[in-house]
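S.K.: Protein sequences, first through last, are from chains L and F. In terms of our numbering, the first sequence opens at residue 9 and continues consecutively. In terms of our numbering, the second sequence opens at residue 53 and continues consecutively.
If you're looking for bench data, these hints aren't it; they were derived computationally from the structure. The structure displayed is predicted, hence computed values, not measured ones. Ideal Cβ placement from N, Cα and C applies to all residues, glycine included. Mixed in with the good hints there might be a few duds.
Not everything, but these chain L residues come out facing chain F in the computed CB check (under 7 Å) [what the hints assert, rightly or not]:
id: 1; residue: 57
id: 2; residue: 74
id: 3; residue: 75
id: 4; residue: 76
id: 5; residue: 101
id: 6; residue: 117
id: 7; residue: 120
id: 8; residue: 122
Chain by chain, the residues:
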Amino acid sequence: GAVVSQHPSWVICKSGTSVKIECRSLDFQATTMFWYRQFPKQSLMLMATSNEGSKATYEQGVEKDKFLINHASLTLSTLTVTSAHPEDSSFYICSARDRRDRGRAINYGYTFGSGTRLTVV
Amino acid sequence: QKEVEQNSGPLSVPEGAIASLNCTYSDRGSQSFFWYRQYSGKSPELIMFIYSNGDKEDGRFTAQLNKASQYVSLLIRDSQPSDSATYLCAVNPWPGYALNFGKGTSLLVTP
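Okay, chain L solo, but in the shape it has when bound:
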């Protein structure tokens, strides 16, 4: 089945530094990557949607200059948390839409990465 490899699985960084999270689709081409954030005991909150070769679309309240998303190829998308602060500590998860799903009338689901636990100290 479709696999999205997400790295790192966990990272601890100092306040003010930047952290890059990678998501790679291993056996399919991902036209769209969704980035979610999940705080403890909360649900997944969509941060942004990125389409290959296009600028990401950010949800209201998400700072695009702080959370830099790059989707330069059909198999790789990255999220960079710049100048991280303790309030950015969260579980970040990517979710990819298979290029072959385009044109389908029904969404059969997306493939999730394994998540990245970010702790900013």
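We have chain L already, so just place chain F on it with the hints.
M.R.: The following block gives chain F in isolation, referenced to the frame of chain L:
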């Protein structure tokens, strides 16, 4: 704001019983509906999806959809302790759009 509502629980059921999880959604035009299971500290894993009114069965799991009532449910038969997790309901408004998630229902299956 498109809402997906779930009872946060915890829902506690004895081993072997049927667990019933419910979800309502506000966007009447939503196309497809998903149930994910999430263990603590892990990424969600897809259990089932459904897009037509009625029931859909897969092993011990049955998803039920009622678009008129904007309601989707998940039944887990013969519940096992390994089923203890948080169950997330997700709604897709249109193919290619992001999934909207509920807050999840915590399920505890006691031996």
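S.K.: With reference to the structure, classify each hint as holding or not holding.
M.R.: Status of each hint after checking the structure:
{"no.": "1", "hint": "57", "in the structure": "holds (6 Å)"}
{"no.": "2", "hint": "74", "in the structure": "violated (20 Å)"}
{"no.": "3", "hint": "75", "in the structure": "violated (15 Å)"}
{"no.": "4", "hint": "76", "in the structure": "violated (19 Å)"}
{"no.": "5", "hint": "101", "in the structure": "holds (6 Å)"}
{"no.": "6", "hint": "117", "in the structure": "holds (5 Å)"}
{"no.": "7", "hint": "120", "in the structure": "holds (5 Å)"}
{"no.": "8", "hint": "122", "in the structure": "holds (5 Å)"}
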